[in-house]
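Protein chains: 2
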Amino acid sequence: MNWVVSNMPASEYFKDFFQHENKVYAQILADIAQGIYVSGDRLVTTALAKRYSTSINPIREAIKQLEGEGFVTSQKNSGARVANFSQATMRDVFEILQLLEPYLFDWYTQRYTQDCLLKLNDVLHQMRSLSADEHMKFRELDTEFHWLMYKHHYNKSAVQLWKKNKLILQALHGNIPISLARRQHAIDEHEKILSALVNKKPQDAIQALQDHITLGGQYWSKVLVQ
Amino acid sequence: MNWVVSNMPASEYFKDFFQHENKVYAQILADIAQGIYVSGDRLVTTALAKRYSTSINPIREAIKQLEGEGFVTSQKNSGARVANFSQATMRDVFEILQLLEPYLFDWYTQRYTQDCLLKLNDVLHQMRSLSADEHMKFRELDTEFHWLMYKHHYNKSAVQLWKKNKLILQALHGNIPISLARRQHAIDEHEKILSALVNKKPQDAIQALQDHITLGGQYWSKVLVQ
DNA sequence: TGTAAATGGATTATGTGTAATTTGAATTGG
DNA sequence: CCAATTCAAATTACACATAATCCATTTACA
Numbered sequence: 001m002n003w004v005v006s007n008m009p010a011s012e013y014f015k016d017f018f019q020h021e022n023k024v025y026a027q028i029l030a031d032i033a034q035g036i037y038v039s040g041d042r043l044v045t046t047a048l049a050k051r052y053s054t055s056i057n058p059i060r061e062a063i064k065q066l067e068g069e070g071f072v073t074s075q076k077n078s079g080a081r082v083a084n085f086s087q088a089t090m091r092d093v094f095e096i097l098q099l100l101e102p103y104l105f106d107w108y109t110q111r112y113t114q115d116c117l118l119k120l121n122d123v124l125h126q127m128r129s130l131s132a133d134e135h136m137k138f139r140e141l142d143t144e145f146h147w148l149m150y151k152h153h154y155n156k157s158a159v160q161l162w163k164k165n166k167l168i169l170q171a172l173h174g175n176i177p178i179s180l181a182r183r184q185h186a187i188d189e190h191e192k193i194l195s196a197l198v199n200k201k202p203q204d205a206i207q208a209l210q211d212h213i214t215l216g217g218q219y220w221s222k223v224l225v226q
Numbered sequence: 001m002n003w004v005v006s007n008m009p010a011s012e013y014f015k016d017f018f019q020h021e022n023k024v025y026a027q028i029l030a031d032i033a034q035g036i037y038v039s040g041d042r043l044v045t046t047a048l049a050k051r052y053s054t055s056i057n058p059i060r061e062a063i064k065q066l067e068g069e070g071f072v073t074s075q076k077n078s079g080a081r082v083a084n085f086s087q088a089t090m091r092d093v094f095e096i097l098q099l100l101e102p103y104l105f106d107w108y109t110q111r112y113t114q115d116c117l118l119k120l121n122d123v124l125h126q127m128r129s130l131s132a133d134e135h136m137k138f139r140e141l142d143t144e145f146h147w148l149m150y151k152h153h154y155n156k157s158a159v160q161l162w163k164k165n166k167l168i169l170q171a172l173h174g175n176i177p178i179s180l181a182r183r184q185h186a187i188d189e190h191e192k193i194l195s196a197l198v199n200k201k202p203q204d205a206i207q208a209l210q211d212h213i214t215l216g217g218q219y220w221s222k223v224l225v226q
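Line by line, the protein sequences are chains A and B. When we follow my numbering, the leftmost residue of the first sequence carries the number 1, and every step to the right adds one. When we follow my numbering, the leftmost residue of the second sequence carries the number 1, and every step to the right adds one.
Quick caveat, the hints were computed from the structure, so don't treat them as lab data. If you're wondering where the values come from, they're calculated on a predicted model, not measured in any experiment. Treat each hint with caution, since some may be false.
Copies of the same chain are indistinguishable here, so a pair counts whether it falls within one copy or spans any two.
Claimed, not checked - Here are the simulated BS3-like pairs of lysine-lysine, each with C-alpha atoms no more than 30 Å apart in a straight line:
{"hint": "1", "residue 1": "76", "residue 2": "137"}
{"hint": "2", "residue 1": "156", "residue 2": "201"}
{"hint": "3", "residue 1": "151", "residue 2": "76"}
{"hint": "4", "residue 1": "156", "residue 2": "222"}
{"hint": "5", "residue 1": "50", "residue 2": "164"}
Based on the provided sequences and hints, a complete structural model is requested.
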């Protein structure tokens, strides 16, 4: 466990992704997403209270909330731990995303404006211009690309669910670097989605999105096997 | 707000649906599902502490967990309320169920045994033999029918998600009676699913399930409009 | 002597009481 | 009739007491 206090980077269109009024809750979650606490780590209330300079109760409540969201598990009289994000979990998460994303995306294909596409293009441009070692930043931009398309969907529960599963993936990936090949593929896939949107071919866009998710899932399951 | 302490009925195959080690949490959730607390009701910690004869902290933690699960919303310094289960929420929930159920069911169509089908048939038989006024019991059996098919799915997050959304629906329906016509239709739809399974026609079964969900959604959205 | 059970102390979770800040509504005054 | 103030009630945070768990060491027995 690493004791650097996390400091989520926030790009322009991405600020709203991690925001939460409860400071302690947001910090713990960000620390889980950043891999400062990893799967299975104990979350000792007294230690966290010191770390975030508050008392035990706020910590306990934040942990309970995270437990409700599935990021944390706890056993009676034996405290809380970061949830077991195993390989099986990743398969589960990917399968849920595979259900959700086309659903969320479908709405977007009927509502997007020129301005939206410009923003997407901007993010894509940032992805291209990243240096080879900025893995975290790349993943963040990838998520941001999708976030821009889903965030205004009318089904807020579905959007929240997507966010939650994305965060779990982020926690699972941790700091594992992405291969440059996969990065290029991801950029290409995003490009394909974007161009289908520009050319007003929603069916192609949906197909491209589904391919993108499947390929991403395949890549990560291979990487995490070893 | 009605102050009868809830007492969830539990049929044979359904016991595991509401079980939770935390007594206070389970009680509050059951009370929300039963409509004892309805959408928008304040959850005053001191009152709940008296009601469940405990102190404020356990109540606060249970509420935080329920907040994480989406059953409760809270504003800073202004306490917690039962989440706003509006009509829009119902549409959202149905749409998520529409994504989830075929996914969960697909696995079942490849794994069910003769014994499973007998249980399903048993539940169906109970549904048929209910008296006209047992609305709650009917809905419970309906849920149980689906629960039997999904509970053993490998994707536990998806199963939990399904449960959560089912509970929200239950809270939304509250004690609204079901028309006898809809009851008969529901029975017919279940019958169709079951017979497709018996005849080993998984595609037909999945189609029947999708129809069943769509028709249920249509019925309830009409009922809740007035 | 080796292994398993038992013991005990330290650590941590859980539950209760209490003080302080905030809220929201009723009351008062203009 | 509207605005400011006051006051009760509830939330929040904190300190403390109790109870359970964990881990290392010791003890008992084959």
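Consistency of the hints with the structure:
1. 76 <-> 137: neither (38 Å within a copy, 32 Å between copies)
2. 156 <-> 201: within (26 Å within a copy, 36 Å between copies)
3. 151 <-> 76: between (37 Å within a copy, 24 Å between copies)
4. 156 <-> 222: For residue 156 and residue 222, only the inter-copy Cα distance (22 Å) is at most 30 Å; the intra-copy one is 32 Å.
5. 50 <-> 164: within (27 Å within a copy, 34 Å between copies)
In this structure, only the earlier hint numbered 1 is contradicted, and the remaining ones agree with it.
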